[in-house]
Amino acid sequence: MNLLGIDLGTTNSLITVQHQGKVRCIPNALGSDLTPSVVGLDDDGSILVGATAKQRLVSHPDLTASVFKRDMGTDKVVQLGKRAFRAEELSALVLRSLKADAEAFLGEPVEDVVISVPAYFHESQRRATRDAAILAGLKPVRLVNEPTAASIAYAVGRLEEEGTCLVLDLGGGTFDVTILELFDRTMEVRASAGDSQLGGEDFAKRLADLMLKENGIDPADLSAGDKAVVARMSEAAKIELTDGSTTLVECRIHGRDLAWPVSRDGFEGACGDLWSRLLLPVERALSDARLKPQDIGEVLLVGGATRMPRIHTLTRKLFGKDARTDIDPDRVVAIGAGVQAALVATNDAFGDVVMTDVCPWSLGLDLAEDTGGGSFTTGHFHPLIERNRTIPVSVSENLSALRPGQKLVELEVYQGESRQVANNKKLGTIQVKLPPKSKVKEIVEVRFTYTVDGILEVEARVDGSETLERLVIQQTPGLLGEEEIARRLTEIAHLKTAPRERAEYRDLLARLDAHFAMSLKERRQQIALAMRLLEATLESQDEDRFRPMARRVRAFLTQLDEDRGVFDFPDWAQDFDPDEDGKG
Amino acid sequence: MSDDWEILGIDPTDDLAQIRRAYSRALRIHRPDTDPKGFQRLREAYERCSEPSYAPSAPPKMDPTADLLEMAAPPPPRTETRSAPAPPEPPRPTPLAATPEILDDPSLLLAWDTLWSDPSKRWDRRAWERFLTGDHWWNLDARHAVEDQILSDMESDWSRMENRAIHNDAKFLLDRHFGWWKRDQELYERFLAGFVDDLLICAQRGGLRNGSEDYPTAPRAPLLQGPGDATSGSDTGGSSGESILSKIGWWRGLVLLMVLIRACSYLGSDAHSSPSRPAPPVLPPKQWYSGSVDRPIPGYSETGPGKGNAR
Chain A
532 MNLLGIDLGT
542 TNSLITVQHQ
552 GKVRCIPNAL
562 GSDLTPSVVG
572 LDDDGSILVG
582 ATAKQRLVSH
592 PDLTASVFKR
602 DMGTDKVVQL
612 GKRAFRAEEL
622 SALVLRSLKA
632 DAEAFLGEPV
642 EDVVISVPAY
652 FHESQRRATR
662 DAAILAGLKP
672 VRLVNEPTAA
682 SIAYAVGRLE
692 EEGTCLVLDL
702 GGGTFDVTIL
712 ELFDRTMEVR
722 ASAGDSQLGG
732 EDFAKRLADL
742 MLKENGIDPA
752 DLSAGDKAVV
762 ARMSEAAKIE
772 LTDGSTTLVE
782 CRIHGRDLAW
792 PVSRDGFEGA
802 CGDLWSRLLL
812 PVERALSDAR
822 LKPQDIGEVL
832 LVGGATRMPR
842 IHTLTRKLFG
852 KDARTDIDPD
862 RVVAIGAGVQ
872 AALVATNDAF
882 GDVVMTDVCP
892 WSLGLDLAED
902 TGGGSFTTGH
912 FHPLIERNRT
922 IPVSVSENLS
932 ALRPGQKLVE
942 LEVYQGESRQ
952 VANNKKLGTI
962 QVKLPPKSKV
972 KEIVEVRFTY
982 TVDGILEVEA
992 RVDGSETLER
1002 LVIQQTPGLL
1012 GEEEIARRLT
1022 EIAHLKTAPR
1032 ERAEYRDLLA
1042 RLDAHFAMSL
1052 KERRQQIALA
1062 MRLLEATLES
1072 QDEDRFRPMA
1082 RRVRAFLTQL
1092 DEDRGVFDFP
1102 DWAQDFDPDE
1112 DGKG
Chain B
15 MSDDWEILGI
25 DPTDDLAQIR
35 RAYSRALRIH
45 RPDTDPKGFQ
55 RLREAYERCS
65 EPSYAPSAPP
75 KMDPTADLLE
85 MAAPPPPRTE
95 TRSAPAPPEP
105 PRPTPLAATP
115 EILDDPSLLL
125 AWDTLWSDPS
135 KRWDRRAWER
145 FLTGDHWWNL
155 DARHAVEDQI
165 LSDMESDWSR
175 MENRAIHNDA
185 KFLLDRHFGW
195 WKRDQELYER
205 FLAGFVDDLL
215 ICAQRGGLRN
225 GSEDYPTAPR
235 APLLQGPGDA
245 TSGSDTGGSS
255 GESILSKIGW
265 WRGLVLLMVL
275 IRACSYLGSD
285 AHSSPSRPAP
295 PVLPPKQWYS
305 GSVDRPIPGY
315 SETGPGKGNA
325 R
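Taken in order, these protein sequences are the chains called A and B.
Residue 614 in my numbering sits at position 83 of the first sequence, with consecutive numbering throughout.
Residue 104 in my numbering sits at position 90 of the second sequence, with consecutive numbering throughout.
Each hint should be verified, as a subset may be incorrect.
To spell it out: a stretch of chain B is covered by chain A in this simulated footprint if at least three of its residues, at any positions, have a beta carbon under 8 Å from a beta carbon of chain A; those stretches are [to be verified]:
id, stretch
1, 32–43
2, 47–57
3, 149–162
4, 196–205
5, 220–231
Lysine-lysine pairs mimicking DSSO-like chemistry, simulated, CA-CA at most 30 Å apart [said to hold, decoys possible]:
id, chain 1, residue 1, chain 2, residue 2
6, A, K957, B, K135
7, A, K964, B, K51
8, B, K51, A, K670
9, B, K196, A, K736
10, B, K196, A, K848
Please keep in mind that the hints were generated in silico from the structure rather than gathered at the bench.
In this text, a Cβ means the ideal position worked out from N, Cα and C, and glycines have one as well.
Go ahead and model the full structure; you've got the sequences and the hints to work with.
This is the structure:
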């Protein structure tokens, strides 16, 4: 049985397998190993995942969901057609599609996986990720922090060396910083810090805002389709500005044809405060690891958004050295997850390597403080596990009830760094019943255990009693209960995914659709014609007609992607009468 | 204590490389994923043995919580919480250690001085934005030096009641830049609690005004409370009291909700066992914050932070 690694990203997801000491990425039905983390509903109600769905973000924004990783661990739902989807379910559909790709590739069922999560994912986001895997019919054997996975991928080839490296992981939606020390075939994470609400998408959003502002368009006027066009164009322009110093954005928004030139300086200026937000977690990680920038031996950049040239400039400024560029920022996390999977399976390939990680958050309780005279204040955060302790770790502490005869103690569990629990993230509540009519202030022993997966277990026990109270995580808002998972598992199993073999057709049509929405007059007509022909040949159910047509359309699309394409009419298209098309 | 060396399998030493090698060797037996308990024992032994002063004959380690208790004792006014730095935190570079000769580029400090001393600039949001933009902030030594300077200038302005008028969004912009909100603990340890309260409350208001999603929408409560507040029904002051009330509902009448520290068993210490911590210093009544929070009300200054509630 293979143990696979999965990078469930905000923008793209990947699945990897270890074979003969090498970890490789598995291609999807369209031949790419990057599957966009986008889920959509097809017109016939079946589920689309990946590139096919991504194309429809522009043409069918109301039937397509993306960037849902940010909503993991919350109750937010996205309405697609008749059904409202939670982030876990959307992620489960992506995972299910990865599973299908891996099974097709390996020719055997896939169940056990290691999934990477941002280091700064908190408790409920981690649980939501596990739930998503279960909903997809997978068994999440281990969660691994993304920057840790990246450093594993980097370190695994140089285990005999010693040194400290810092990983900057700027993905689509999250930012993580991890400091890793390598010695004696041991990989030790010294500290992790991050910002779970900062990613490449925010930079693209700034560019989009700038575009609307400079063209005098009020964002409130935009339709859902317009917004998708804006998002797509700004993402494309952001990528253009990686290599070029200027680019021209051309599109049709809100009934207007735009031609907007933008420079890299203009873009970087519009992101002003985002750059300084990047520095905060770096500062914290360094200070928690008790290191100075000059102590860092190597800097690794991970995540597609680290391609932005300014990131390189800033890291050079900060560390006085260039970041390594010889690793593929899109795939390194997935490969690390694959290595970790092999390590979990104690695969001989990587021998006796040991990896230790940390808990990036402080975890603790809401505590009352006696202010004298029998009065108390509440809301004080009392950490049991301080941030950046090496895990697994288990800590217990004895707490006392406020007064004799108290019937119940309510332990509220929080995660965060603020002195006031109100500013931290609440994870759940445990109620501990105290012995009745007690004459003394009862003592409660509370134990916090943080596992290697980054999952917190809380237990409380009244002194001298045998009953253990456990944190009932099901009561936490933003998470599903066990029954709820079981119910949704059946529901998801019934959601039909478009057949893999039709994926090519769907992909082509969706890409045409997207170009149709963004193009103008003549080209629009050409795209419409290509769509009609493609549809007609598919409906002819004649493989010999469809194949060459698909090839031509693909070539046409390549031209469109590179801009200014002309659709090359197939000769036999003359037979086809546009008035009879089956579209209506 | 000798157990720790036994766990590592070496004789007591202060050679860190040797300790680390021993740890690494033992790690192969007590792997974190397969033997969590053994790993934790090993890890704790390793961390203790790596402490610089951890020699067999060294005096027992000071309980780090003792300082905290001292801190909580009623301090003389004005010096309240800044006396003892929290032991678990690594020391940050002090402003003195990073004065301009270390900075290759003292322009940040100059820029700050200009901004802070020029009333017309202080009122200009763009001047603040310009000040906070640029690559020179990515020199960490310079950044820390300027940050310390900003905080101490603002603190002394606050405590001397100079009431420098600054743009309403300035504290929000500073907070977004330095991330103070997310490390309030550290600020409370280093600066006057009243000043930090004021700073963070202003930052939050500015953030909400500017549509920032980084702040909770419930108003931030000041850290320190009058002892009467908790029993009179508004736990943390402001309207966050309401949310707590609604959260606990009828439980409130039934039981007292929270518990007190009694003992910190894993440290084997009784330092926590006092169930009645000394009352924290009393802050002025919370109405004080409902006025113009961007600058303290002059009348309050006569009593100084720490006494205001007495009347």
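For this session: Mind taking a look at whether chain A covers the stretch 196–205 of chain B? Criterion is 3 or more residues with CB to CB distance under 8 Å.
Result: holds (count 5)
Exercise. Given the proposed pairing of K957(A) with K135(B), does the C-alpha separation stay at or below 30 Å?
Worked result: 41 Å, violated
Exercise. Is it true that the CA of K196(B) sits at most 30 Å from the CA of K848(A)?
Worked result: 25 Å, holds
Problem set entry | Outcome, coverage hint (the stretch 32–43 of chain B, chain A; C-beta under 8 Å; three residues) | holds (count 6)
For this session: Measure nothing beyond the straight line between the CA atoms of K196(B) and K736(A); if it is 30 Å or shorter, mark the hint as holding.
Result: 24 Å, holds
Exercise. Do the alpha carbons of K51(B) and K670(A) lie within 30 Å of each other, as the hint requires?
Worked result: 25 Å, holds
Problem set entry | Hint consistency between K964(A) and K51(B) [alpha-carbon to alpha-carbon, up to 30 Å] | Holds, at roughly 29 Å.
Exercise. Mind checking, does the stretch 220–231 of chain B have 3 or more residues with a CB under 8 Å from chain A?
Worked result: Satisfied; 3 residues make the cut.
For this session: Count the residues of the stretch 47–57 of chain B whose CB lies closer than 8 Å to any CB of chain A, then report whether that count reaches three.
Result: This one holds; 6 residues, not fewer than the three required, reach chain A with a Cβ under 8 Å.
Exercise. Do three or more residues from the stretch 149–162 of chain B put their C-beta atoms closer than 8 Å to C-beta atoms of chain A?
Worked result: Satisfied; 6 residues make the cut.
Hint 6 from the earlier list is the only one contradicted by this structure; the remaining hints agree with it.
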